[in-house]
Amino acid sequence: MITCPDLSHEHEVLLRATLGQGQVVIDAWNEWQQRFDLATIDAKGYVLLPQLYLRLRQLDVPEATLAKLRGIYRHTWCKNQVFMTRMASVLSLLQERGIGCLLLGGAAVMATSRFGCLPLEKCELLVPGARFADATAVFRQEGWSKRSDWEEEGARLAHSINFTHSDGTTCAIYRSVFAESTPSWADEDCWRHAIASTVQDVPVSVLSPTDHVLKLLVDVGMGCRPFTPRWVADVGTLLTAAEGSMSWERLRVKCATLRLTLPVKRSLAMLQMVSVVGCPRELRDLAARMATTWAERRGDERRLRDPAQRRGATGALAAHWCRYKRVVGEAGRIPGFVKYLQEMWEVPSVWLLPVAAIGKWRQQLVGMRKGGHSNGG
Amino acid sequence: MAAEKWYRVNKPSVIEEVLDGEAVIVNLATGSYYSTEQSGATIWSLLAQGTTVPDIVAHLRMHHTEVPNYVDGLVKQWLDVLESENLVVGEPLEEAAANQGPTGVANEEGKTKTPFMEPKIEKYTDMEDLLLLDPIHDVQETGWPRASEKAAD
Numbered sequence: 001m002i003t004c005p006d007l008s009h010e011h012e013v014l015l016r017a018t019l020g021q022g023q024v025v026i027d028a029w030n031e032w033q034q035r036f037d038l039a040t041i042d043a044k045g046y047v048l049l050p051q052l053y054l055r056l057r058q059l060d061v062p063e064a065t066l067a068k069l070r071g072i073y074r075h076t077w078c079k080n081q082v083f084m085t086r087m088a089s090v091l092s093l094l095q096e097r098g099i100g101c102l103l104l105g106g107a108a109v110m111a112t113s114r115f116g117c118l119p120l121e122k123c124e125l126l127v128p129g130a131r132f133a134d135a136t137a138v139f140r141q142e143g144w145s146k147r148s149d150w151e152e153e154g155a156r157l158a159h160s161i162n163f164t165h166s167d168g169t170t171c172a173i174y175r176s177v178f179a180e181s182t183p184s185w186a187d188e189d190c191w192r193h194a195i196a197s198t199v200q201d202v203p204v205s206v207l208s209p210t211d212h213v214l215k216l217l218v219d220v221g222m223g224c225r226p227f228t229p230r231w232v233a234d235v236g237t238l239l240t241a242a243e244g245s246m247s248w249e250r251l252r253v254k255c256a257t258l259r260l261t262l263p264v265k266r267s268l269a270m271l272q273m274v275s276v277v278g279c280p281r282e283l284r285d286l287a288a289r290m291a292t293t294w295a296e297r298r299g300d301e302r303r304l305r306d307p308a309q310r311r312g313a314t315g316a317l318a319a320h321w322c323r324y325k326r327v328v329g330e331a332g333r334i335p336g337f338v339k340y341l342q343e344m345w346e347v348p349s350v351w352l353l354p355v356a357a358i359g360k361w362r363q364q365l366v367g368m369r370k371g372g373h374s375n376g377g
Numbered sequence: 001m002a003a004e005k006w007y008r009v010n011k012p013s014v015i016e017e018v019l020d021g022e023a024v025i026v027n028l029a030t031g032s033y034y035s036t037e038q039s040g041a042t043i044w045s046l047l048a049q050g051t052t053v054p055d056i057v058a059h060l061r062m063h064h065t066e067v068p069n070y071v072d073g074l075v076k077q078w079l080d081v082l083e084s085e086n087l088v089v090g091e092p093l094e095e096a097a098a099n100q101g102p103t104g105v106a107n108e109e110g111k112t113k114t115p116f117m118e119p120k121i122e123k124y125t126d127m128e129d130l131l132l133l134d135p136i137h138d139v140q141e142t143g144w145p146r147a148s149e150k151a152a153d
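Quick mapping for you: the protein sequence lines, in order, are chains Z and S. The first sequence finishes on residue 377 if you use my numbering, and the numbering steps up by one all the way, no holes. The second sequence finishes on residue 153 if you use my numbering, and the numbering steps up by one all the way, no holes.
If you are wondering where the hints come from, they were derived from the structure by calculation, not from laboratory data. Check each hint, because a few of them may be wrong.
Footprint (simulated), chain Z over chain S, 3 or more residues, beta carbon under 8 angstroms [what the hints assert, rightly or not]:
#1 22-33
#2 66-72
#3 137-150
The calculated lysine to any residue pairs, modelled on SDA-like cross-linking and capped at a C-alpha distance of 25 angstroms, are [stated by the list, open to error]:
#4 S:Lys-150 - Z:Ala-43
#5 S:Lys-123 - S:Ala-29
#6 S:Lys-120 - Z:Glu-63
#7 S:Lys-150 - Z:Ile-41
#8 Z:Lys-79 - S:Asn-69
Yeah, the Cβ is synthetic: ideal placement off N, Cα and C, and Gly gets one too.
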């Protein structure tokens, strides 16, 4: 399910102070001080405070008025440094075994922006798809535990696997940038445009701002991640840091080719609603120009419905068709799609596909009668 | 006369940041947290790039007023303290020149000077406990890492 933006007024004021420019920041900070209090700030708002401190100091707001904010910044900086030390040891482990890593998530935002100081909670690494199994084996050998038993069964197709160290550090290994099935060129494109960086002197590649912004828009637009102040701050920080170097044409082509236009448009609309991030004109123009197919729209409508309401073969088939076309691109045709369904449903013969489809429909009905959820395949 | 030394931060065990006239330093090997301001932060910002005592003295005179004549001795004493805490490493100048020599003092004429104060450093030995403090509710008004009396108990 994708929820509409649910930011409080306090969150919006804090975001304006954190991501705005010039007098907007000062006015927002003054408004926040008059109406709110540090002692009652919630967790979603708290994550913005370290970056807010840097922004206020950049604008020469007197140090004396920011004592506690400064302490919050120092506290976050220290925790992040300890976190990155653990991340550096993980990166070294993987590199010793010849497994390249692409940094995703909060660490990647910080690597591309001096002012991206947000608390780091999880290490997120993309590894080459062909080395995914090797990477997860490394983690197991080093004593990291998996977060759920499900991941063992789903490992063959899992988009990512989460590990936890005994010291509490969590790390997610991704086999592809996007949760939806995408062709190998989509990830190869991300690797090609990655930025070279280091994590405590350990070399690492970082997802480029163009690809990172696209991933963030897709994640929220598809409901893989909630719309939170943290998400808005990540998008805003990347857009500000990469101003002038974003590759809008590459973003447009990827969006269209991977059939991710609708989730991206949805995220942009949500961003416009809260109007704290200046959406670049290029991004607004892109969103207005990007066209969608019937199958995309049907698949998207189905995804937006509550799982218990996802009936009907048309929507399910449209969603599968979109997924198939996303992977194979314009070369995709009906015979290939049939083979794709065979693989997805693990059916030995194409003649058994109708039987498999009926079976899934019946499962869905049973699930709905019991009040459970079913994606209907 | 003792050979001139080149001093640098003891990486990778030591991580640091200088922001708004304060140097925050963490020794990951010992779990200790340090903070130094004013002339201490000025000296630390030079150490981050690698420096010598004469360069430090020249920099202090450029950034501070009322710098005493015996500042060389103060700086050496200060560097001894930092070395004893394993925060910096002093190497013979010839070795440093072979690897990565000092960069010299940048010309920063025109910056406002502040009165010189002897460098001091605050040390907190248990960073794990420090990080557990709530930086809003468990600290003094001056902010983390200074714990409130209630939290210290």
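So, going through the hints one by one against the coordinates:
{"no.": "1", "hint": "22-33", "verdict": "holds (count 4)"}
{"no.": "2", "hint": "66-72", "verdict": "violated (count 0)"}
{"no.": "3", "hint": "137-150", "verdict": "holds (count 8)"}
{"no.": "4", "hint": "S:Lys-150 - Z:Ala-43", "verdict": "holds, 22 angstroms"}
{"no.": "5", "hint": "S:Lys-123 - S:Ala-29", "verdict": "holds, 14 angstroms"}
{"no.": "6", "hint": "S:Lys-120 - Z:Glu-63", "verdict": "holds, 20 angstroms"}
{"no.": "7", "hint": "S:Lys-150 - Z:Ile-41", "verdict": "holds, 21 angstroms"}
{"no.": "8", "hint": "Z:Lys-79 - S:Asn-69", "verdict": "violated, 41 angstroms"}
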